[in-house]
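From first to last, the protein sequence lines are chains V and Y. Oh and the first sequence: position 203 is 203 in the numbering used here, straight run, nothing missing. Numbers given in the numbering used here equal positions in the second sequence, counted from 1, plus 379.
If you are wondering where the hints come from, they were derived from the structure by calculation, not from laboratory data. Keep in mind the model is a prediction, meaning the values are calculated, not measured. Honestly, I wouldn't trust all of these hints.
[Said to hold, decoys possible] Computed list of lysine-lysine pairs in DSS-like fashion (alpha-carbon distance at most 27 Å, straight line):
| no. | chain 1 | residue 1 | chain 2 | residue 2 |
| --- | --- | --- | --- | --- |
| 1 | V | K97 | V | K179 |
| 2 | Y | K545 | V | K97 |
| 3 | Y | K666 | Y | K709 |
| 4 | Y | K726 | Y | K693 |
| 5 | Y | K666 | V | K97 |
| 6 | V | K292 | Y | K459 |
| 7 | V | K97 | Y | K542 |
| 8 | Y | K739 | Y | K666 |
| 9 | Y | K726 | Y | K739 |
| 10 | Y | K739 | Y | K693 |
| 11 | V | K169 | V | K179 |
| 12 | V | K179 | Y | K709 |
| 13 | V | K133 | V | K9 |
| 14 | V | K9 | V | K97 |
| 15 | V | K97 | Y | K459 |
| 16 | Y | K726 | Y | K709 |
| 17 | Y | K459 | V | K293 |
| 18 | V | K365 | V | K293 |
| 19 | V | K133 | V | K67 |
| 20 | Y | K709 | Y | K693 |
| 21 | V | K365 | V | K292 |
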Amino acid sequence: MEFFDLLQKLFTDYTLRTVALGSAVLGLTSGALGTFAVLRRQSLLGDAMSHAALPGIVLAFMLTGSKAPLVLVLGASVAGWAGTLLIMNIISGSRIKSDSAMALILSVFFGFGLMLLTWIQRQPNAAKAGLDKFLFGQAAALLVRDVYIMSALGLIALLFVALLWNQFKLLSFDPEFGKSLGLPMRALDIILTGLLVIAIVIGLQTVGVVLMSAMIVAPAAGARQWTDRLGMMIVLAGIFGALSGIVGAVISSNTSHLPTGPTIVLSISAIVIISLFLAPNRGLVWAWLRQKKSRRRIRMDSVLRDLYLLASQHDDIYHPHEAAAVDLMSKSRGGAAHCLNNLREQGLVRQEGAGGWSMTDAGIKQAREIVSRYGGNAS
Amino acid sequence: MSPQVEIQLIAAVVAVACALPGVLLVLRRMVLMSDAISHAILFGIVIAFFATRDLSSPFLVLAAAATGLLTVVLVELINKTGLVREDAAIGLVFPALFSIGVILISRYAGDIHLDIDSVLLGELAFAPFDRLEFFGIDFGPKALGVMSGILIINIVFIVIFYKELKLATFDSGLAAALGFTPAILNYALMSIVSVTAVGAFDAVGSILVVALMVAPAVTAYMLTDRLWLMFILSAFFAVLAAILGYWVSHWFDASIAGSMATMAGLIFGFVYLLAPDRGLIAIARRKARQRLEFPQTMLAIHLSHHEGRAGQEKESRLATLHHHMHWTEKFTVRIIELAERNGLVIKSGEQLLLTDFGRKIAHETLSL
Numbered sequence: 001m002e003f004f005d006l007l008q009k010l011f012t013d014y015t016l017r018t019v020a021l022g023s024a025v026l027g028l029t030s031g032a033l034g035t036f037a038v039l040r041r042q043s044l045l046g047d048a049m050s051h052a053a054l055p056g057i058v059l060a061f062m063l064t065g066s067k068a069p070l071v072l073v074l075g076a077s078v079a080g081w082a083g084t085l086l087i088m089n090i091i092s093g094s095r096i097k098s099d100s101a102m103a104l105i106l107s108v109f110f111g112f113g114l115m116l117l118t119w120i121q122r123q124p125n126a127a128k129a130g131l132d133k134f135l136f137g138q139a140a141a142l143l144v145r146d147v148y149i150m151s152a153l154g155l156i157a158l159l160f161v162a163l164l165w166n167q168f169k170l171l172s173f174d175p176e177f178g179k180s181l182g183l184p185m186r187a188l189d190i191i192l193t194g195l196l197v198i199a200i201v202i203g204l205q206t207v208g209v210v211l212m213s214a215m216i217v218a219p220a221a222g223a224r225q226w227t228d229r230l231g232m233m234i235v236l237a238g239i240f241g242a243l244s245g246i247v248g249a250v251i252s253s254n255t256s257h258l259p260t261g262p263t264i265v266l267s268i269s270a271i272v273i274i275s276l277f278l279a280p281n282r283g284l285v286w287a288w289l290r291q292k293k294s295r296r297r298i299r300m301d302s303v304l305r306d307l308y309l310l311a312s313q314h315d316d317i318y319h320p321h322e323a324a325a326v327d328l329m330s331k332s333r334g335g336a337a338h339c340l341n342n343l344r345e346q347g348l349v350r351q352e353g354a355g356g357w358s359m360t361d362a363g364i365k366q367a368r369e370i371v372s373r374y375g376g377n378a379s
Numbered sequence: 380m381s382p383q384v385e386i387q388l389i390a391a392v393v394a395v396a397c398a399l400p401g402v403l404l405v406l407r408r409m410v411l412m413s414d415a416i417s418h419a420i421l422f423g424i425v426i427a428f429f430a431t432r433d434l435s436s437p438f439l440v441l442a443a444a445a446t447g448l449l450t451v452v453l454v455e456l457i458n459k460t461g462l463v464r465e466d467a468a469i470g471l472v473f474p475a476l477f478s479i480g481v482i483l484i485s486r487y488a489g490d491i492h493l494d495i496d497s498v499l500l501g502e503l504a505f506a507p508f509d510r511l512e513f514f515g516i517d518f519g520p521k522a523l524g525v526m527s528g529i530l531i532i533n534i535v536f537i538v539i540f541y542k543e544l545k546l547a548t549f550d551s552g553l554a555a556a557l558g559f560t561p562a563i564l565n566y567a568l569m570s571i572v573s574v575t576a577v578g579a580f581d582a583v584g585s586i587l588v589v590a591l592m593v594a595p596a597v598t599a600y601m602l603t604d605r606l607w608l609m610f611i612l613s614a615f616f617a618v619l620a621a622i623l624g625y626w627v628s629h630w631f632d633a634s635i636a637g638s639m640a641t642m643a644g645l646i647f648g649f650v651y652l653l654a655p656d657r658g659l660i661a662i663a664r665r666k667a668r669q670r671l672e673f674p675q676t677m678l679a680i681h682l683s684h685h686e687g688r689a690g691q692e693k694e695s696r697l698a699t700l701h702h703h704m705h706w707t708e709k710f711t712v713r714i715i716e717l718a719e720r721n722g723l724v725i726k727s728g729e730q731l732l733l734t735d736f737g738r739k740i741a742h743e744t745l746s747l
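Just need the whole structure built from these sequences, with the hints factored in.
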């Protein structure tokens, strides 16, 4: 019932619909573009870009006096892009490593943006209120107009990805090969970086400068667990991003004092945690089960072999031994009785009254195989 | 002391306290971890605040240090699963912790004197109003006391473990082989970073802590190869950024922390361009010089190759030399002029002849 109410509200409540739609667009775009960033080990470039965009937003406002989203988005893009180029220049032009270069540009640009922001805020008469919402984002202030612009930009970015699909794929997995084919890899790199800037700029108004990096990294990191195919990964990342956007928007609108940006980030974090644990094949739970199973398998094999080695000391290969004797063979491990019970269920050994355990023909056959594969020394 | 002097003093102490561990972070390529820590400690600060209801409780520092370590451990845990690479793991952990911190603050905004802006951005201007008093005696601003304490801890840590840090930073394999545990030193450093970040967040905010940690250190890195000198230089640049930043903010009536970060960035930009040896300009000039030096050597080799052999007259005629060297005429004239000035060659009528020095250069180059 409550869920149904929520669903109904999603379609009838104007503000909620706008916020959810905006968050969905943001999640979709940043998830799809973030996939490339994560695969290219540039996860934290998104963090740097979003921080570097701040002075661009403020400068755009100072130059034009307008708070129209398109103007601010343009300023943010230019600054984010300039920051990224500076990072690349520092990395290639000096011995400073990429992490230092990113943190340097990130924090200095942000500091500069903050300086400008506080400066214009203390100016009289400026219609400057509202710029600081870019710090943490203010999804509730999204207008339909904003969502249109976000959608248009997102569509352009995704269209580029579709058009340059093969090139971007090559750039992500084997740029050297691309170069040898004569493709302009450097130009492609710059284009892809530019698209990432667009994806980030779309989200600044909603989740803010600080948390935007999560929207780049998390959907892709989650999607990576479910698939090995790039196309599928991008689709999944987009879906995860959009889903977390909608879920975050709905939850925060139904709870007082719950800011939207952090709620969206926690939603996507939850999706990532679920993916890390439960994704088939790569998921931690499955890996743990597989490991447990193979450990058991090895233990059973060694017990079977130990019993076989004991039995083959006698003229009669079917001579029974007690579980304690098998335990002695495997030094400190113990627990042979339990394994022998399991082996009996598989018809590999037989219990002979109180006298102990003896091999069956099937057991002998398998034990010989084990010995020939792993050698016949006592385990 | 006037508030103005006090603010500058606090700014300088904060900047140096951040810059010293920053050197190690830059060299160990762990700067982004400090970025993550400085965000994530918000979570620890909020939790500790709920427990103690006191923003200046020393318990806050402990909680923040614990959160910093929690961040490092979580990143390593995620990284160890092999499912996510380290950079992505950092990008996953700190936004989540930061988000929880922000949500806790907003949920209980009514009874908490902690707003997100001040954590993220800091405000130095108010620092002098919060005094440290014992038995009615004024010991100066509280922030100055706290940060001086942290600065002393940092200096003591670096001085005591200087050799170990140096070894673990530049050759962690050898350090491990000699029986040091790089992991312990690493966690110690991360604790230092966390404590410094929580001490500084009050004054400059969590993002600019990163600016103060990385900017002076990379600036120093442009200038020296010596570890001790790098510490000293980065402390110097930190103080410079703090004082300049204060006055810029004073003139523009802008955020002190933002101005400090901007100045730290400008100082870096300045050094990045002008540093002797490694600066952009020095590199460009070296390249330009090499572009002219190499052709002169080639000219000397060409002349020495044909010296005393048939066709020497043809091969070293001034007017046709550019054909033999495959250069443009203009370039050839310039190179000959330079080579003559450097004493490699000498003109003799229509011919260009090697000097003894030029012959030596040619032979040395070839015998390499």
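Pairwise hint evaluation, K97 (chain V) against K545 (chain Y), where the allowed Cα distance is 27 Å at most | 18 Å, holds
K179 (chain V) paired with K709 (chain Y) [C-alpha distance capped at 27 Å] | Violated, at about 35 Å.
Given the hint that K9 (chain V) pairs with K97 (chain V), test it: the Cα-Cα distance must not exceed 27 Å.
-> Violated: K9 (chain V) and K97 (chain V) sit about 50 Å apart, past 27 Å.
Would you check the hint for K292 (chain V) and K459 (chain Y), treating anything up to 27 Å between C-alpha atoms as holding?
-> With a Cα-Cα distance of about 19 Å, the restraint between K292 (chain V) and K459 (chain Y) holds, given a limit of 27 Å.
Taking only the CA atoms, is the gap from K97 (chain V) to K459 (chain Y) under or equal to 27 Å?
-> Within the cut-off at roughly 23 Å; holds.
Mind checking the alpha carbons of K365 (chain V) and K293 (chain V) for me, to see if they're no more than 27 Å apart?
-> Distance of about 22 Å is within 27 Å: holds.
Keeping to a limit of 27 Å between CA atoms, is the pair of K666 (chain Y) and K709 (chain Y) held or broken?
-> 20 Å, holds
Take the C-alpha atoms of K726 (chain Y) and K709 (chain Y), compute the straight-line distance between them, and say whether it is at most 27 Å.
-> 17 Å, holds
Within a Cα-Cα threshold of 27 Å, do K133 (chain V) and K9 (chain V) meet the stated pairing?
-> 26 Å, holds
Keeping to a limit of 27 Å between CA atoms, is the pair of K97 (chain V) and K179 (chain V) held or broken?
-> 24 Å, holds
Going straight from one Cα to the other, do K726 (chain Y) and K693 (chain Y) come out at no more than 27 Å?
-> 15 Å, holds
Does the structure keep K459 (chain Y) and K293 (chain V) at a Cα separation of 27 Å or less?
-> Distance of about 21 Å is within 27 Å: holds.
Taken one by one, the earlier hints fail for this structure at numbers 12 and 14, listed in ascending order.
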